[in-house]
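Chemist: So the chains spell out like this:
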Amino acid sequence: MTIAEDPATTSPGYKWVGTRMIRPDGFEKVTGRARFGADIKLNGMLYGHVLRSPHAHATIVSIDTSEAEKMAGVRAVITGADFPDPSGPAGDQDLQRNVIAREKALYEGHTIAAVAAQTRAQAKAAAEAIKVVYEVLPHVMSVDEAMAPGAPLLHPKLMTKGVDPAPTEPSNVASRAVYQGGDLDLGFAESDVVVEGTFTTKPVHQGYIEPHAAVADTTPNGRTTLWCSSQGHFTMRSLSAKVLGWEPSKLKVIPAEIGGGFGGKTTIYLEPLAVRLSQKAGRPVKLVMSRDEVFRATGPASGTKIVGKLGFKNDGTMVAGELWMAYEAGAFAGSPAGAGSMTALAPYTVPNFLIEGFDVVVNKPKVAAYRAPGAPMSSFAVESLIDEAAKKLGIDPIDIRLKNAVTEGCTATYGPKFPRIGFVETLEAIKNHPNYQIPLGPNQGRGVASGFWFNAGLNSSATVHVNEDGNVIVVTGSPDIGGSRASMALMAAEEFGIDAARIQPVVGDTESVGYNDQTGGSRTTLATGAAVIEACRKVIADLRGRAAKQWDVALEKVEWVDGQAQHVEGTQPPLSLADLARGWNRTGGPLTASAALNARGVGSAFSTQVVDLEIDPDTGHVTVLRYLTAQDAGRAIHPSYVEGQLQGGVVQGIGWALNEEYIFDRNGKMENPGFLDYRIPVASDMPMIDTIVVEVPNPGHPYGVRGVGEVGIVPPLAAVANAVDDAVSRRIRDLPLSPVRILDAILNKDS
Amino acid sequence: MAHVHFSAGLRSGFTGGVAELVVEAATVGALIRALDERFPGIGEKLSSGTSVAIDGEIIPDAEFESLSATAEVHFLETIGGG
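Protein sequences appear in the order of chains H and U. Those letters in the first sequence? Residues 788 to 1538, by the numbering used here. Those letters in the second sequence? Residues 32 to 113, by the numbering used here.
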């Protein structure tokens, strides 16, 4: 269900915005014509293989590549010594060391060296012939281990930021974020009911189907072309340049189609390796990760430990909240502990609170963004505790959230006041939906949870060309990972007043369009869309001028209506876009315009969800019976894509809740680096995910758009856990809610 | 003019517990310079890895943003999206 289908709430006057055009990339994808990263083939291309650390933590004593270099077919071998010494800000140095290890290997799978050879088999054999002498070091695999006194240190100079007084000794804690308001002791003293508990989540992977791939072709003059699938080819360019020690302009990055990212393709792994191998070999080089490598070497979401305590009055008013949260960063600082801290209690008006978030390095792959990074874990704790409080107080789980929900003008726990938001509307939409009233049977449970995410604006560019036949090309630099081409086409069609089928949306390379930040942070429809709208309006202004010139009238006598220039007094026959395009050589040349902006007007996103599930009391297996999600989209430009984003976030969240976890052995080696043993939900596991697209327009965007790609993954962890508790009357605070864990809870209900 | 609100981390690390302050500044950059004069070292903290919320809108690169006479300013952690 979408509001776009509801005449009462559909904005009058939109002809294309809110419709469901056939996706522009659909034909190429279903016929196999679309080219993903691994599909790129060049003449004379070599194949690469990466040698990775077998140890979770080890000093690299020496690397001997001499034998490998002599092997058949081998054209290049590289190690960390082939790159500039890490330099710049700490984050840049971490990036350089994560792409290829220098002094130490910091996790199993850390890149040590790479080979390019005539065939994949030759490259693999040569990589295995590289002799690496390690001095194995003790490792830490959890925040508890990493934060313990005397823990082995990953980085001997890492000093905790954000504590007062500043530490004098290094540790594995990179930083502390803290948000505080009111009087916590007073808040808990005033509470009638206090709920508390310790919650843990395991690292989970973004689970994109397409492994990372990069093809580099470096010419003798140093100019390099790089093909890769990513969430932002301009970012791939700038990050790769940092590792290579190059100016970004030496690199041209051509975006391949992307087979899923979800935040995981916002950083680099293979790209600089492919470039350096190509440079050294003098030939194009392709590197493609196996699934095993994707798991062992690319960023999952943080594992977490969260200690939470909430206090409520008897009427359900939340009066106190305290959260201590530690997020695994992986091998380098940079977990989303800060975002987790900011989002944890943001949906609610709680007057007294203390939230601390710790960024902790452990000997696991460096974490990467995953839809609403940091928010699902802290929300899992908070929304579980709210559920416990509702049960204790005998209040409906939606009513207790309505009692405390933030609205326009409320101060968020992270500081600022909220603008117009649609959180209450999502709660009411769920409460009023028939799903919420369906009676449950034996062993069945119902769980509710809500979530908040910020969304981003950032930098976008767009260029709009009118062809000589009056059709329009819209070029942006935002990879299409969730329907942005369709959204750009619809917004351009709305601006021009022409059929969306006459708009060709294109994702241009780094030399074909102005800079665009990544497709991430739920920003593309809002920010790149704003650039497209601005460019369209420039072209339309130009078109009006061309018509005025032809009619020899003042510009203000010309208006643009339904795809044509009209004289305001009707004294001239209208000139269509095609008419004006045909005559452009007589009126000033080709019709084109660009726009570039750092987007403003970002709107916050809220989601509320309810799940019904059934538990097999003999096995602990969970069957999801039905799932309903309501999310404020501001304005759904292409409702099917919006629904898809909502559904995708929910399904990934269900996987996080029920199945997914990294499992390591005692030596810090991952034991389940494949989709057989690391089980993401598949279609046959899921019911239809029902959606309610709430539309509370964002006043900061021409069409009212809010980002929709991330917040949907925030509530499912708690929603599922709350439903399990409802079904078995046992609160489980550790994810995943695997059959073993649920069965244990059932069998040991009284313990 | 800006009405600046300091987070708990900034209060304990830089402002000696000062939670709010009204500062004469036309831009965010000028505001940060003024704050650094009063709370030495806070300028570096606010100039990197920090977003600014002006009247509720979070802006990552805000140095040249204008501040109205009634602007409400918060300094926040930079947030990465997925």
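No lab work stands behind these hints: they were computed from the structure. The beta-carbon is built from N, C-alpha and C at its ideal position, and this holds for glycine as well. Treat the hints with caution; some may be incorrect.
[Claimed, not checked] Computed far set for chain U versus chain H, every beta-carbon distance over 10 Å:
| id | residue |
| --- | --- |
| 1 | Val-53 |
| 2 | Ala-61 |
| 3 | Ala-84 |
| 4 | Ser-97 |
| 5 | Leu-107 |
| 6 | Glu-108 |
| 7 | Ile-110 |
[Claimed, not checked] Mimicking DMTMM-like on lysine to aspartate or glutamate, the simulated pairs with C-alpha atoms at most 20 Å apart in a straight line are:
| id | chain 1 | residue 1 | chain 2 | residue 2 |
| --- | --- | --- | --- | --- |
| 8 | H | Lys-1096 | H | Asp-1079 |
| 9 | H | Lys-1204 | U | Glu-51 |
| 10 | H | Lys-1204 | U | Glu-96 |
| 11 | U | Lys-76 | H | Asp-951 |
| 12 | H | Lys-948 | U | Asp-86 |
| 13 | H | Lys-1204 | U | Asp-67 |
| 14 | H | Lys-1204 | U | Asp-86 |
| 15 | U | Lys-76 | H | Asp-1079 |
| 16 | H | Lys-948 | U | Glu-103 |
| 17 | H | Lys-1204 | U | Glu-103 |
| 18 | H | Lys-911 | H | Asp-1183 |
| 19 | H | Lys-1179 | H | Asp-979 |
Chemist: Next step is simple, just say for each hint if it's right about the structure.
Modeler: Verification of the hints:
No Cβ of chain H comes within 10 Å of the Cβ of Val-53(U); the nearest lies about 16 Å off, and the non-interface call holds. Ala-61(U), annotated as away from the interface, keeps every beta carbon of chain H farther than 10 Å; the closest lies near 19 Å. The non-interface label for Ala-84(U) is inconsistent with chain H: the shortest C-beta to C-beta separation is roughly 4 Å, within 10 Å. Distance check on Ser-97(U): its Cβ is at least 12 Å (rounded) from any Cβ of chain H, clearing the 10 Å threshold; non-interface status holds.
Separation of Leu-107(U) from chain H is inadequate, the least Cβ-Cβ distance of about 6 Å not exceeding the 10 Å criterion. Here Glu-108(U) does not stay apart from chain H, with its beta-carbon only about 4 Å from theirs, under the 10 Å limit. Taking the minimum C-beta to C-beta distance to chain H, about 5 Å, the non-interface status of Ile-110(U) is violated against the 10 Å cut. In summary, the hint linking Lys-1096(H) to Asp-1079(H) is not supported, as the alpha carbons are separated by about 39 Å, beyond the 20 Å threshold.
Of the pairs offered as hints, the one joining Lys-1204(H) and Glu-51(U) holds, with about 15 Å between alpha carbons and a cut-off of 20 Å not exceeded. Pair hint Lys-1204(H) plus Glu-96(U) holds up; C-alpha atoms about 19 Å apart against a cutoff of 20 Å. A threshold of 20 Å between alpha carbons decides the hint, and for Lys-76(U) with Asp-951(H) the separation of about 14 Å falls inside it, so the pair holds. In summary, the hint linking Lys-948(H) to Asp-86(U) is not supported, as the alpha carbons are separated by about 27 Å, beyond the 20 Å threshold.
The suggested pairing of Lys-1204(H) with Asp-67(U) is violated, with an alpha-carbon distance near 25 Å, which exceeds 20 Å. Restraint check: the Cα-Cα separation between Lys-1204(H) and Asp-86(U) comes to about 7 Å, which is no more than 20 Å; the hinted pair holds. As the CA atoms of Lys-76(U) and Asp-1079(H) are separated by approximately 40 Å, the hinted pair breaks the 20 Å bound. Of the pairs offered as hints, the one joining Lys-948(H) and Glu-103(U) is violated, with about 26 Å between alpha carbons and a cut-off of 20 Å exceeded.
A threshold of 20 Å between alpha carbons decides the hint, and for Lys-1204(H) with Glu-103(U) the separation of about 9 Å falls inside it, so the pair holds. Proposed proximity of Lys-911(H) and Asp-1183(H) is contradicted: the alpha carbons are some 59 Å apart, above 20 Å. The hinted pair formed by Lys-1179(H) and Asp-979(H) meets the criterion: a straight-line CA distance of about 11 Å does not exceed 20 Å.
Consistency note: the structure conflicts with the earlier hints numbered 3, 5, 6, 7, 8, 12, 13, 15, 16 and 18.
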